[in-house]
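Engineer: Protein chains in written order, with our numbering: chain L, 68 to 416; chain G, 68 to 416; chain S, 68 to 416; chain C, 68 to 416.
Honestly, I wouldn't trust all of these hints.
For identical chains, the list gives no copy identity; a pair is met inside one copy or between any two copies.
Simulated crosslink set (DMTMM-like; lysine to aspartate or glutamate; CA at most 20 Å straight-line) [unchecked claim]:
#	residue 1	residue 2
1	LYS375	ASP201
2	LYS343	GLU408
3	LYS223	ASP201
4	LYS117	ASP190
5	LYS352	ASP238
6	LYS375	ASP108
7	LYS352	ASP164
8	LYS373	ASP265
I should point out that these hints are in silico values taken from the structure, not numbers from a laboratory.
Chain residues, written in single-letter form:
Protein chains: 4
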Amino acid sequence: MEKNSSPASRSFASDNNAGVHPGVLEAIARANQGHVVAYGDDDYTRSAIKKFEEHFGPDIAVFFTFNGTGANVLGLQSLTRPYHSVLCSDYAHIYVDECGAPEKHTGCKLIPLPHRDGKITLDSVREAYHGIGDQHHSQPRVISITQATEMGTVYKPEEIQALARFAHEHDMFLHVDGARIANAAVSLGQNLRQSTRDLGVDVLSFGGTKNGIMGGEAVVFFRQELSRDFLFLRKQSMQLASKMRFIAAQFEALLTGDLWRKSAEHANRMARLLEKEVSRIPRVKIVWQVDANGVFAQIPKPAIEKIKQQYFFYTWMEEESIVRWMCSFDTTEEDVRSFAEVVAKAVNA
Amino acid sequence: MEKNSSPASRSFASDNNAGVHPGVLEAIARANQGHVVAYGDDDYTRSAIKKFEEHFGPDIAVFFTFNGTGANVLGLQSLTRPYHSVLCSDYAHIYVDECGAPEKHTGCKLIPLPHRDGKITLDSVREAYHGIGDQHHSQPRVISITQATEMGTVYKPEEIQALARFAHEHDMFLHVDGARIANAAVSLGQNLRQSTRDLGVDVLSFGGTKNGIMGGEAVVFFRQELSRDFLFLRKQSMQLASKMRFIAAQFEALLTGDLWRKSAEHANRMARLLEKEVSRIPRVKIVWQVDANGVFAQIPKPAIEKIKQQYFFYTWMEEESIVRWMCSFDTTEEDVRSFAEVVAKAVNA
Amino acid sequence: MEKNSSPASRSFASDNNAGVHPGVLEAIARANQGHVVAYGDDDYTRSAIKKFEEHFGPDIAVFFTFNGTGANVLGLQSLTRPYHSVLCSDYAHIYVDECGAPEKHTGCKLIPLPHRDGKITLDSVREAYHGIGDQHHSQPRVISITQATEMGTVYKPEEIQALARFAHEHDMFLHVDGARIANAAVSLGQNLRQSTRDLGVDVLSFGGTKNGIMGGEAVVFFRQELSRDFLFLRKQSMQLASKMRFIAAQFEALLTGDLWRKSAEHANRMARLLEKEVSRIPRVKIVWQVDANGVFAQIPKPAIEKIKQQYFFYTWMEEESIVRWMCSFDTTEEDVRSFAEVVAKAVNA
Amino acid sequence: MEKNSSPASRSFASDNNAGVHPGVLEAIARANQGHVVAYGDDDYTRSAIKKFEEHFGPDIAVFFTFNGTGANVLGLQSLTRPYHSVLCSDYAHIYVDECGAPEKHTGCKLIPLPHRDGKITLDSVREAYHGIGDQHHSQPRVISITQATEMGTVYKPEEIQALARFAHEHDMFLHVDGARIANAAVSLGQNLRQSTRDLGVDVLSFGGTKNGIMGGEAVVFFRQELSRDFLFLRKQSMQLASKMRFIAAQFEALLTGDLWRKSAEHANRMARLLEKEVSRIPRVKIVWQVDANGVFAQIPKPAIEKIKQQYFFYTWMEEESIVRWMCSFDTTEEDVRSFAEVVAKAVNA
């Protein structure tokens, strides 16, 4: 993934290139009153956790971290000892985009499985599940999936249920990297609980940053006993914020009045619009189904360079000439149309 | 350190119980314009780094992290391999308050040295420097000091110079946990460069959170070659912010127009006022010199309980009945006087 | 890999199921005289190291470890920092048979490459070499190959040279897991130096255990500067023997009077004999070229079970019904013929 | 600890400078028959484990490792997660002589406690047991003692019982580094079980190397459930021997016909003789009670240098001019007398 500086004020590079939703920024400002105890022992944090309980049901355990890598690593560390392995897509963020953080911090091996449209299949999990009880082999302990996936697709409920069932039947856990769980839930027409806990997910990295907050993720345990060590693991992993109230306030805002849903719905809709616009351009091929807020297109190599003179974005697969375009809570229809025109011009040049 | 909930709107519990300086909050809001590239490749970050260069001189390398533990661990990891040891005070934050993060992440041993008024002495370093070249012993590689110290005192320039000299003569580095470096510099009447780089410091954790920003620290390398691996170490250590501009904007605000200095000066002044006020109370004994923004007092045990009914703060040394009271950028004279009255009443009861 | 108890006194399960060569046992007994300084500072160790220098040339650095996993992990740790990655075959011992030891101890990611007949190709290395300088990606630092391979084949000199050249042109190192380097050298008609150092290998795990010693491996650095930290890394990694002389004496015996070569030659010859014998059996298919001391055969599943009633050995690939049969320094022609008869009977049943 | 080469054939440097007891060497040779399955799934290993059960009682779990550091680290790792701490003497082998292996591999913090005659006291443990439940603090999980201690003294049964009781009352475990447990048991007039399991010890590093075997230690769990992960932890920690039978055979020999006891008794007796002989020399002061096989003496500095011209040994405490002299299974009365003469001559010179 190369990068350029971009002259555009709103790009399609990533949903984390967007700023902060105004409602979230206001919530931060509102939380800036007087002193409160640090490290999460404050009313803002307690209130935000209650919001999670409203959405996901009681008997959960919720903890805030600084970022998605922190949430993923800590979720996995809660479920493993160093001789375990984690089964995931060979395109999973935890496998390719975290600079080896999961291996370094958990000591575990990550086993890359082939993906189909960004998803791992029960068959590939079954094949990777072997060497059980053999002291020479890392022992499979977690299936980790990304929802929505790194290819912009969304696992169907029955796909997740099948993976959860297999995990639980084999003394494993199902972990979800939900950096874009909001986009996925919206895509499925489900609420947050339906799209995670009710499908058998054990631990969820609940993404905020890519859905319009300034920074922060949450690790949500649907079985509280799995979180027993979490406070210590989080501190030791450098993921404990002192002025926690300001992360909490952001999540409070996100989970109040459907903001999480509205922002995700909007981003998804913009992606579908973008898909529609660029689909018309000859020699632009949409490569994966646009389930969430990302559009992945195969376009001629020279066109890529041309577009990048005006917009920064990532080439997702160099050789196949596949690029990724992401929409955010703040993407406008005009943004989409202007961009599609630039693409059309570049491709047709 | 026990903790209670506090009815007071501004406490003396910690400088990280304070909120965000209004100027910092405004800077965050101003940075919320359009899209920018994530992970630090943006103009806000470049501009903030330039501010650091204005203060510390050119030829430095600066990186932002989420929090102080992250800054400390990453600074130390840049200087060490796992068989090294780090010499520090037995009361150092890295030794007692980071839940073993430095050991876990660097693999190194931390060697606790006795402190005098919160400071380690050249003599204690000299004594701990042994076993060199012996394969059975962790090899001393870093001297790490906290400035201002955990006891509210401030190393004198010549004390730091002596430690730096010893470090460099023995193939070691001098690391400074500067969670309160601003308070220390102000206390010494020095600027940021004079109080660190010019004294021989190699790597500095530059604290922002305790000086009025929302969250974020910076690792500053005064020898650029030591930072060669830093980008990768930071990502792998889960300390890379995607929306980096919002951390950068905070530091930009802090380092502009003397905000760092004014805030620290104010906090220090409030601490001296608090010292003065409580010194008058019989049976209240100030135990360490009030060099920076903390007052450490020995008071009768029953009084502690009584005061805690109104104010949350930390008992620093249980047996000795020593408590810690910290002042912040937002502490007012009235806060101090009201608190001193409560203390007086409790002690005299 | 399942395992059964075996009624046979000499099996074809593994070259580490064999015992100790009588000459090695005698060397151990001879070293049992009086007291000598522990941890390697003794004449036995110095003498054994000289033997290595005779074979590999001067200007090397040699260190003994307890076992192959220890040698591999320490060799890799000497070459890496935790954000690096190691490129290796997806069937490499370090990847599948060390229970995640390399990841746990080095913190690095191991990148599995597809193998052809047990070997990785320059093309697959080239493809895996990407994301250079991108902070999100583990940075490729080492190419690690196994010689002889896990499939009983042997890299040709020019194949190793090509990998070494690519490594060095890209700021990487070439590491060789030489658990069976003796068998490989013999197979190539080369001496130890020709088959490693002269081909561009940087660090070698020199195997002893599978070539008739009781226990012990050596890490051989062909560039001494890479071993600077080794003494400390070895101790910290629990691989430092106190009564080192008894490991040293074994290597002294192995490297004296061509014992290493004779034992390996014999084992290789027995493997070729076994290949010849079983090739005659219908429905037994030799799957990889028998370059060293292992024969890999595809045989009917029911036959596998039948043979295992008399001989313990490993099914190498369950689904493909491929088994592995290894020969050792002590395998006799009669052993081979008796075994081949049992195989024939089982297959024909 | 400096070291010289020694002209003496038997020194008093360390019990690991001795060689192998002839009975152990014979056992190794006897085990060298035919092929057996590797990695511990063999009759020699099963038989040796039975010997442990005879000595320590049933319902234990026993595993062999290569060395003492491996045994200690693996025992501790079985009991901890990385946010835990281990309380031990500031002179404990795990604290000062393992190059940071426990910290690196377990991720835990080791808390050094002051020792009295090599022993930690219940009071010092009590004082170090704090910060429970506080997320900023490593959580105490293990008390680790060395028996016999690094100062040649032996904990009394009631001292161990008191530590075990405190540990168990506070959700901690008692770990014993028993590198010289045989010498301690003999000193106490107890058998192996009485001196460990019956006192409340949870996990024992059972030392063999310093009691006359060639190399190998055993981790003995007195509560089997604590060892559930051990096979995997051992492999991942590079402590799994392939030709396990040769370690097992050594322990079989050690635990048969009272060899462990006879060797330890002899070494202890020689230490008492040495104490007696050197006590007569003016200006030689025995500093700790000679409970086991080590004599620690304070002697004039120039004498140390003189003796070291003929005998290699360790200066235990440089400044205090305290040296350590160890006796082994093979130390003779004549060795002791010759050495004492050399000491006398050196001191009187």
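Engineer: Each hint needs a verdict: does it hold in this structure or not?
Structural biologist: Results for each hint:
In this assembly of identical chains, LYS375 and ASP201 lie within 20 Å of each other by CA distance solely across copies; the values are 18 Å between and 50 Å within a copy. Proximity of LYS343 to GLU408 under the C-alpha cut-off of 20 Å is restricted to the intra-copy arrangement: shortest distance 12 Å within a copy versus 69 Å between copies. Taking the closest pair of Cα atoms, LYS223 and ASP201 never come within 20 Å of each other, the shortest separation being 34 Å inside a single copy and 33 Å across copies. Proximity of LYS117 to ASP190 under the C-alpha cut-off of 20 Å is found in neither arrangement, the shortest distances being 38 Å within a copy and 43 Å between copies.
When the C-alpha separation of LYS352 and ASP238 is checked against a cutoff of 20 Å, the pair qualifies neither within a copy, at 42 Å, nor between copies, at 38 Å. Only between protomers do LYS375 and ASP108 lie at most 20 Å apart by alpha-carbon distance; the minimum there is 16 Å, versus 46 Å within a single protomer. For the identical chains of this complex, LYS352 and ASP164 are neighbours neither inside a copy (25 Å) nor across copies (42 Å), given an alpha-carbon limit of 20 Å. Taking CA atoms no more than 20 Å apart as the test, LYS373 paired with ASP265 passes in neither setting, with 46 Å inside one copy and 48 Å between copies.
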